[in-house]
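Chemist: Next come the chains, spelled out residue by residue.
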Amino acid sequence: MMLAAVIAAAVLVAVAALLALVRVERGPSMLDRAVALDTLTVTLVCAIAIEAIWSRRTETIPILVALSMVGFVGSVTMARFAAKEPEGEGRVRTREEVAAQARAADVPRGEQRHEQRDGARVDAEDDAESAEGGQR
Amino acid sequence: MTHVDPGVWTTVADTVAAVCLLAGAFLTLGAGLGLVRFPSLLARMHTVTKPQVLGLILLLTALALRVRSWSAVAMLVLVVAFQLVTSPVAAHMVGRAGFRTGKVDPDDLRPNEFGEPD
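These protein sequence lines are chains U and L, in that order. Per numbering that gives the first Met the number 0, the very first residue in the first sequence carries number 0; after that it's consecutive. Per numbering that gives the first Met the number 0, the very first residue in the second sequence carries number 0; after that it's consecutive.
The set of hints was computed from the structure by calculation and includes no laboratory data. Do not take every clue at face value.
[Said to hold, decoys possible] Which chain L residues face chain U? A few, computed with CB under 7 Å, are given here:
id : residue
1  : Leu21
2  : Ala22
3  : Ala24
4  : Gly31
5  : Pro38
6  : Ser39
7  : Leu40
8  : Lys49
9  : Leu58
10 : Val72
11 : Ala73
12 : Ala96
Every residue gets a Cβ at the ideal spot worked out from N, C-alpha and C, and that includes glycine.
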């Protein structure tokens, strides 16, 4: 009975990890990927727990503690440095688009600086929470 | 592998552990499905912070019922506590960054506390 339950649970968790990977691949934004990677971390914790359930082992439990402690750091860091992405940035580009961007990078200095200002990093300081932050 | 005395209570604990195991794995699968199926960033965040955490708690309950040692249970409680403390922090940061960078439709927020005061 336990064997059947463990196998079923392992299959369910593996499918959940695959679905999280699908979301990591699709995006469309960095934050979606951060959320999906969070899910992937917790799925890893679940997988280790299932292994420990099957073998009645206790020595893998400290791994669970460590993973649950540091698992959220990734998404918090990505959220802290999230920037307003240009249109279409949040997906995997084709070769033609990469080549087009490389050609566009040869534009004169002045225009480049203009582009950079538009895509500036959003400041997450508390005093930016006013109307300015709302518009962005 | 620790030795476990066969007996009726062992059977009961293992049965409850199997039920918790299946329920927890099912909720984890639900989190994965929601991550793929849900349409917006906030909806996807919901799957990471709710079914995912409950699924993990159920799986760790199953583990506690299987190993039945107090030192292991103490560490599992620690895992659950960390998960409960950190997942709202991560969700808050992601939600706020999503709003700031224009990935959240302001019409989804009722009331919209980030919006302009009337």
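Chemist: Check the structure against each numbered hint from earlier and tell me which ones fail, lowest number first.
Modeler: Hint check: 2, 5, 6, 8, 10, 11 fail, others pass.
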